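Student: Line by line, the protein sequences give chains P and A.
To convert, note that position 76 of the first sequence is 76 in the working numbering; the numbers rise steadily by one, no gaps.
To convert, note that position 331 of the second sequence is 331 in the working numbering; the numbers rise steadily by one, no gaps.
What the hints contain is simulated information worked out from the structure, not anything from laboratory work.
Only a predicted model underlies this, so the values are computations on that prediction, with no experimental measurement involved.
Where hints are given, some of them may not hold.
In this list, chains with the same sequence are indistinguishable; a pair is considered to hold if it fits within one copy or across any two.
Claimed, not checked - With a cut-off of at most 25 Å between alpha-carbon atoms, the simulated SDA-like pairs for lysine to any residue come out as follows:
1. Lys231 - Gln277
2. Lys310 - Leu12
3. Lys102 - Ser219
4. Lys102 - Arg87
5. Lys224 - Ser82
6. Lys102 - Gln85
Given next are the chains, with one letter for each unit.
Number of protein chains: 2
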Amino acid sequence: MNLKQLAKELNLSISAVSKALRDSHEISAATKTAVIAKAKELNYQVNPFASSLRKQKSKTIAVVVPEIANNFFALAINGIESIAQERGYHVLIYLTHEDCQKEVSITKLLQNGRVDGIMMSLSSQTANILHLEELKEKQIPLVLFDRVAENIDCPKINTDDYKSGYKGTQHLVEMGCKNIAFLSISNHLSISNKRKSGYFDALKTNGLKSDNNMVIECSNDEEKNRKLIKKILKSKNKPDGIFASVEKLALNVYEVCKEIKLDIPKNLKVIGFSNLQTAALLHPSLTTITQPAYEMGREAASILFKIIEKRGYNLIMEKTTLKSEIIVRESTGN
Amino acid sequence: MNLKQLAKELNLSISAVSKALRDSHEISAATKTAVIAKAKELNYQVNPFASSLRKQKSKTIAVVVPEIANNFFALAINGIESIAQERGYHVLIYLTHEDCQKEVSITKLLQNGRVDGIMMSLSSQTANILHLEELKEKQIPLVLFDRVAENIDCPKINTDDYKSGYKGTQHLVEMGCKNIAFLSISNHLSISNKRKSGYFDALKTNGLKSDNNMVIECSNDEEKNRKLIKKILKSKNKPDGIFASVEKLALNVYEVCKEIKLDIPKNLKVIGFSNLQTAALLHPSLTTITQPAYEMGREAASILFKIIEKRGYNLIMEKTTLKSEIIVRESTGN
Chain P
1 MNLKQLAKEL NLSISAVSKA LRDSHEISAA TKTAVIAKAK ELNYQVNPFA
51 SSLRKQKSKT IAVVVPEIAN NFFALAINGI ESIAQERGYH VLIYLTHEDC
101 QKEVSITKLL QNGRVDGIMM SLSSQTANIL HLEELKEKQI PLVLFDRVAE
151 NIDCPKINTD DYKSGYKGTQ HLVEMGCKNI AFLSISNHLS ISNKRKSGYF
201 DALKTNGLKS DNNMVIECSN DEEKNRKLIK KILKSKNKPD GIFASVEKLA
251 LNVYEVCKEI KLDIPKNLKV IGFSNLQTAA LLHPSLTTIT QPAYEMGREA
301 ASILFKIIEK RGYNLIMEKT TLKSEIIVRE STGN
Chain A
1 MNLKQLAKEL NLSISAVSKA LRDSHEISAA TKTAVIAKAK ELNYQVNPFA
51 SSLRKQKSKT IAVVVPEIAN NFFALAINGI ESIAQERGYH VLIYLTHEDC
101 QKEVSITKLL QNGRVDGIMM SLSSQTANIL HLEELKEKQI PLVLFDRVAE
151 NIDCPKINTD DYKSGYKGTQ HLVEMGCKNI AFLSISNHLS ISNKRKSGYF
201 DALKTNGLKS DNNMVIECSN DEEKNRKLIK KILKSKNKPD GIFASVEKLA
251 LNVYEVCKEI KLDIPKNLKV IGFSNLQTAA LLHPSLTTIT QPAYEMGREA
301 ASILFKIIEK RGYNLIMEKT TLKSEIIVRE STGN
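Isolated chain P (complex conformation) (with noise of 0.2 Å):
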């Protein structure tokens, strides 16, 4: 039983429950008591340490993310502290290294009041969704960022992922790419999936055949993604075309090209997600599909502080959607 079921029995707002519970002067003395019987009615206990964290603000934050050696991550971050420091809060900052235990252990400390929120990005082997969930009992504002989960009610922000796997593929093919390998991070991701859906989607719109053995799940392990890389490019079946569906990707494709003396773009084109300030002076220059993460940082700061002033947890819902743009450089050249 918690707040959102007793509200739903009780036909009234969670935010009217709650404030029912919390003996607040907004409700009338009538709905308090019939809040607080049918609490007891249904076996519903006050959380009193959500509670206490409701009082004791901690003007903290804290952001859950794989990596900080990245430079999606640390644009989106300087976009969260921006807003952070206008609203006098401090960021805690917590890595994961793509590791779901690591993520699981950062949650449940997180459980203990040090923060007053938390944006999250989660790690590729995060499978499951349970320590999302106990955030949600506890009340424990959580917003989601790039990396979100489908299947938790919560704000999300992200990226057009399925239209901009679409577009960079269809790029590929415009530019003569016929055999397009597509390097996924993690199939748990929902973004992963998605730009690998908008993948799949331009290859068939364009009449070419899907194959999945041109997926290549790669990994955290860059020197086992490279020994993958090296594999395709080597195999008989090898692509004219490489989608990278993160950065780190794209650069394992360069250091596999280059040690393999392969030409890109000649005899291999390379279009990859990426926000490296380096993208125009690598040798050759990388076209990318790069996300708004400065804003994507932003954003979420904003709906994350909205919740905590507003209090209304359960209330904002919103899922917003940036657009990531092409840039188009010499490695899907002629």
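Based on the hints, put chain A in the right spot on chain P.
Tutor: What follows is chain A alone, placed relative to chain P:
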């Protein structure tokens, strides 16, 4: 009158005086009486705030850095975070964006007991260190790393900046450069000045004239930096080699050379301090002086925890110098 001076007057260790003032069982009654009498005589006031700080551990440390979208700081934070996680500490991150005023206000904010200790790398605009002295007065453990201040007593972690400046310049000379420019990020920062001293001395050793016009004072404004770099590269006395004292400036050189179609390394050789993963993939690949950023972060955090746990703040004045490495690539080749 601070604790250090009081201890000196009493001819006791700071730790003993501090314990006496806190009525520790480790100190004899006679010593306590003497300490309290002297403290009264000299009008020394125990800072109740600092004292409460020592008792109520927040299990949180702060990291104050100029920026996060920078490979050196991102890697250093990874190192700090790895140690903090081992110790069960939380890490608060503050960005100064190279703004000294922001650094001062963050430092003031951190005097309220929110953190058990602070690690800091100074902004390029930080010319005086009163705000750091205040932290010391309040006995808040402070460790400086990379961008340290020379004139404050606290543990400092840096790399061999003078030597790296010397060796980098020597390398350019050996590759045939006779007119080498030095791009400085700040004339306040000791790291920038040490690197510059190494540059000047290497010129001298090699019988090359040093010329203050060849030292370009750059800033956080990349647009301005590019203008300054373009100006000198188009001047009569244009350099045949450039030493970039920080990564960002090396990239600005690449951007300008791309724009004005100046061939690196044929017309200009470039070396830069950098922790860029893509250094090897740039066009041409960039010769770098690479600092052990991750290790510096780990070292700084280890020393901070030593101070926090031993509570012997004033007693630890370690200065640790780690070695940087020159990695020769195409940008300084023939």
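Student: None of the hints should be skipped; say for each whether it holds.
Tutor: Going through the hints against the structure:
1. Taking identical chains as interchangeable, the C-alpha atoms of Lys231 and Gln277 lie at most 25 Å apart only when they sit on different chains, with a minimum of 23 Å there against 29 Å within one chain.
2. For the identical chains of this complex, Lys310 and Leu12 are intra-copy neighbours only, at 18 Å inside a copy versus 55 Å across copies, given an alpha-carbon limit of 25 Å.
3. Taking the shortest alpha-carbon separations for Lys102 and Ser219, only the intra-copy value of 16 Å comes in at or below 25 Å, while the best inter-copy value is 39 Å.
4. With identical chains, the CA atoms of Lys102 and Arg87 are at most 25 Å apart between copies only, with a shortest distance of 14 Å across copies and 29 Å within one.
5. Taking the closest pair of Cα atoms, Lys224 and Ser82 come within 25 Å of each other only across two copies (23 Å); inside a single copy the shortest separation is 37 Å, beyond that limit.
6. With identical chains, the CA atoms of Lys102 and Gln85 are at most 25 Å apart between copies only, with a shortest distance of 10 Å across copies and 27 Å within one.
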